[in-house]
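*Asks:* Below are the chains, spelled out letter by letter.
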Amino acid sequence: MMHNLSRRQLLGATGAAAALGAIPLRAIAQDVANLNFVVWNYSLDTIQDNIRKFEAGHTDVKVTLTDYTWPDYFDTMMLRLRGNTPTHVMYCGEDWLPGWALAGWLVPIEDHYPELTSYKDKIANYAVRDMTYKGKLYGLPYYADLITFQYNRKILDDNKITVPTTWEEVLEASLKLKKTGMEKPFVYEYNQTLPNFYQAFVSQVYGRGGQMFDADLNPLFSDPGSEAFKHLQWLQDAVKKHDIIAFENHESRIIPAMNTGKHAFSVLFNYVLAAMNEKATQPLAGQFSMALMPGKAQACLGFCKFYAMTSQAAEDDKLRDSSWQFIEFMGGGDFQIAKRWAEEKGLGFAQLPLFDDPGVQKAWSSWIDVDTFKKQATLAINGTQTEWLGMWSGFFRPLLAKTMVGEASVAETMDAGAKRWLELRKLVRGN
Amino acid sequence: MTTRTYDRYPMAWLLPVLVPVLLFTLYPVAQVLYTSLHQVIVIMPVEPFVGLENYRQVVLSPGFREALVNSVVFALVTAPLTIIIGFGVARLLLMRFFGRGLLRAVVILPWVLPGAISAVVWMWILHPSWGILNLGLYHLGIIDRYIPWLTDPQLARLSVVLAFVWTQFPFASILLMAALGGIDRGLYEAALVDGANAWQRFRFITFPSIKPVVVVLAIYQSLVALTSYDLVYALTAGGPGTATTLLSFQIWKESFSMMNFGTGSAVGFILVILSLAFMAAIIKALPAAIIRSG
Numbered sequence: 001m002m003h004n005l006s007r008r009q010l011l012g013a014t015g016a017a018a019a020l021g022a023i024p025l026r027a028i029a030q031d032v033a034n035l036n037f038v039v040w041n042y043s044l045d046t047i048q049d050n051i052r053k054f055e056a057g058h059t060d061v062k063v064t065l066t067d068y069t070w071p072d073y074f075d076t077m078m079l080r081l082r083g084n085t086p087t088h089v090m091y092c093g094e095d096w097l098p099g100w101a102l103a104g105w106l107v108p109i110e111d112h113y114p115e116l117t118s119y120k121d122k123i124a125n126y127a128v129r130d131m132t133y134k135g136k137l138y139g140l141p142y143y144a145d146l147i148t149f150q151y152n153r154k155i156l157d158d159n160k161i162t163v164p165t166t167w168e169e170v171l172e173a174s175l176k177l178k179k180t181g182m183e184k185p186f187v188y189e190y191n192q193t194l195p196n197f198y199q200a201f202v203s204q205v206y207g208r209g210g211q212m213f214d215a216d217l218n219p220l221f222s223d224p225g226s227e228a229f230k231h232l233q234w235l236q237d238a239v240k241k242h243d244i245i246a247f248e249n250h251e252s253r254i255i256p257a258m259n260t261g262k263h264a265f266s267v268l269f270n271y272v273l274a275a276m277n278e279k280a281t282q283p284l285a286g287q288f289s290m291a292l293m294p295g296k297a298q299a300c301l302g303f304c305k306f307y308a309m310t311s312q313a314a315e316d317d318k319l320r321d322s323s324w325q326f327i328e329f330m331g332g333g334d335f336q337i338a339k340r341w342a343e344e345k346g347l348g349f350a351q352l353p354l355f356d357d358p359g360v361q362k363a364w365s366s367w368i369d370v371d372t373f374k375k376q377a378t379l380a381i382n383g384t385q386t387e388w389l390g391m392w393s394g395f396f397r398p399l400l401a402k403t404m405v406g407e408a409s410v411a412e413t414m415d416a417g418a419k420r421w422l423e424l425r426k427l428v429r430g431n
Numbered sequence: 001m002t003t004r005t006y007d008r009y010p011m012a013w014l015l016p017v018l019v020p021v022l023l024f025t026l027y028p029v030a031q032v033l034y035t036s037l038h039q040v041i042v043i044m045p046v047e048p049f050v051g052l053e054n055y056r057q058v059v060l061s062p063g064f065r066e067a068l069v070n071s072v073v074f075a076l077v078t079a080p081l082t083i084i085i086g087f088g089v090a091r092l093l094l095m096r097f098f099g100r101g102l103l104r105a106v107v108i109l110p111w112v113l114p115g116a117i118s119a120v121v122w123m124w125i126l127h128p129s130w131g132i133l134n135l136g137l138y139h140l141g142i143i144d145r146y147i148p149w150l151t152d153p154q155l156a157r158l159s160v161v162l163a164f165v166w167t168q169f170p171f172a173s174i175l176l177m178a179a180l181g182g183i184d185r186g187l188y189e190a191a192l193v194d195g196a197n198a199w200q201r202f203r204f205i206t207f208p209s210i211k212p213v214v215v216v217l218a219i220y221q222s223l224v225a226l227t228s229y230d231l232v233y234a235l236t237a238g239g240p241g242t243a244t245t246l247l248s249f250q251i252w253k254e255s256f257s258m259m260n261f262g263t264g265s266a267v268g269f270i271l272v273i274l275s276l277a278f279m280a281a282i283i284k285a286l287p288a289a290i291i292r293s294g
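Order-wise, the sequence lines are chains A and B.
Counting with our numbering, you get residues 1 to 431 for the letters of the first sequence.
Counting with our numbering, you get residues 1 to 294 for the letters of the second sequence.
The shape of chain A in the complex, shown without the other chains (with noise of 0.2 Å):
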């Protein structure tokens, strides 16, 4: 029998089916918490795998990747945290925390999952420093590395030249290079834009046994006995008077560089030395070490990238566990994650445990002396973090470009910046 359905009697059925059906669509939405990740854009294809890799083990979770550059990464997230967009775990940076716990957009993921503490002992100090904000702990490392000197070993063999231990020797090296005919021993990350630029400069003055604060966080480097100061005036005299340095805007860029054989040494990312080395791409892969910082104190910065929660996940019990339990999946647990990065990346670490994997230190022996390392990881120290370094390191970092490139004398790039220094403490500590 056939019944003949009106017009309106069919779009009401439609209606009712419509809504019966949503009924447990909606159910089933309401049980999957949809995460927000984001990220900077290094290795995507790794991080997209990671992600599914924990979304197979946790049904209930859906991650959602975002990625910026590198270059965009702190203003472009410093935004969408101002303006609530959607983000519950975020790379972070060390040297951002201070400020970014301040304004309110990190939870200490501590006060909410004690355990996380347990994971102390099982981390480099450095790095649990770097992801420590006023005695709590905002998360787990992503990554943590060094910023190091870093050498072409075979020009200084050819050269018959040894590995520098002072800034004087690295000038003398450059020099003797330069009377062989290479234009430019030194390549140097210089782009004002990025944070690791201020960050080499102050891994190169730990490496001189200097610091940049007191422990009063009042500034050392305008004086112009310090090694700060110092080191600024040898870069602006290698650049002016020597004209030993050639400048590229990127890692990314130095690594091709110094595949060209026109430069012998440079300061960067540990983890660059990986990519310098390999054999697929890099026409030079092999010939290139790192070495202990120059300087009397041979140090260096470390520091620790993490995974942070953001105070939109805290604030809904699903979303703060299904945060929490990411984290723990990509930076804790047994850290296959962290373990991965090393291997297949030469990406640094913070998790002790991995220092002594077969399997880490295997994948290490093909591009880096492990034992140099090391010893370098022993001497190295963190970055003075403060709530507004970030500020300040944005008005610093124009004036060292400047400065060594000799349209500033370097006192008055120091005393400008104490100055600026001392001006935001204020505003910030009130004294």
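Check the hints yourself; a few may be wrong.
[Said to hold, decoys possible] A partial selection of chain A residues facing chain B, derived with a Cβ cut-off under 8 Å:
(1) Leu102
(2) Ala215
(3) Gly225
(4) Gln385
(5) Glu387
(6) Gly394
[As the list claims (entries may be wrong)] Chain B side only, calculated, beta carbon under 8 Å to chain A, not exhaustive:
(7) Thr25
(8) Gly63
(9) Thr151
(10) Ala234
(11) Ala237
(12) Gly238
(13) Pro240
(14) Gly241
(15) Ala243
(16) Lys253
(17) Phe256
None of these hints come from the bench; they were simulated from the model.
Cβ coordinates follow ideal geometry from the N, Cα and C atoms, glycine included.
Got chain A; can you put chain B on it based on the hints?
*Replies:* Quick look at chain B alone, frame taken from chain A:
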């Protein structure tokens, strides 16, 4: 529709234009002014009124003074240069020769490219280590060592001007072609009969005829130069040091790099005033008849 209807509802007819202008121009400018009078540091919880303190800070900062000088010089150099090159290209493209149509299409290309893409093109040309300009000059024996086009402050300024003018001259060419094409040929014939030489023909016929377009171009190019951001950001990031930092880039630095939207807005509002001053100066410098005819 009668004239009377227009007279009856003047505001209604203006609304479609007024609303977007109010929404997308006046409101943002007012918001910038408001922000510039408050301490708006992104990570700080309060945003107190600080009067002109942000302006004081900005004006006293060495970065602002350099950016201001760079911007004014950049506008004063690039605007006339763009018009002069645009005029030359317009004259060339009005001549009859084989392939003129293709050349006209190619010439417009730099103008339609986004600034960031143009910057990449110029990076490949000017890069101190592997740019094709250095490579060419070196292999031709003109230079014996590579020139640091983007890392020497003076050369970087020159390079940015060059790249910027390259992106802008097609637009000037198109407008000037239209203006040149509209000149009565009879005037030139009469001038030739009167014995006028090339310079006199340009001075007494061509230039007066295209003057209104030149004025429009001068204003437009000055404003584009003053507010240029993407090309400089992608090519030199304002460097080396602060050598190529323009006011528009200084706004970004104050707001995002130094996280201070108060001082960033102060620089922004100063740029608004500067742009208005440029426009007023150019318009004032012209005889009233030209503005009316324009």
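*Asks:* Each hint needs a verdict: does it hold in this structure or not?
*Replies:* Here is how each hint holds up against the structure:
| no. | hint | verdict |
| --- | --- | --- |
| 1 | Leu102 | holds, 5 Å |
| 2 | Ala215 | violated, 23 Å |
| 3 | Gly225 | violated, 24 Å |
| 4 | Gln385 | violated, 13 Å |
| 5 | Glu387 | holds, 7 Å |
| 6 | Gly394 | holds, 3 Å |
| 7 | Thr25 | violated, 22 Å |
| 8 | Gly63 | holds, 6 Å |
| 9 | Thr151 | holds, 5 Å |
| 10 | Ala234 | violated, 10 Å |
| 11 | Ala237 | holds, 5 Å |
| 12 | Gly238 | holds, 7 Å |
| 13 | Pro240 | holds, 5 Å |
| 14 | Gly241 | holds, 3 Å |
| 15 | Ala243 | holds, 7 Å |
| 16 | Lys253 | holds, 7 Å |
| 17 | Phe256 | holds, 4 Å |
When held up to the earlier numbered hints, the structure conflicts with 2, 3, 4, 7 and 10 and fits the remainder.
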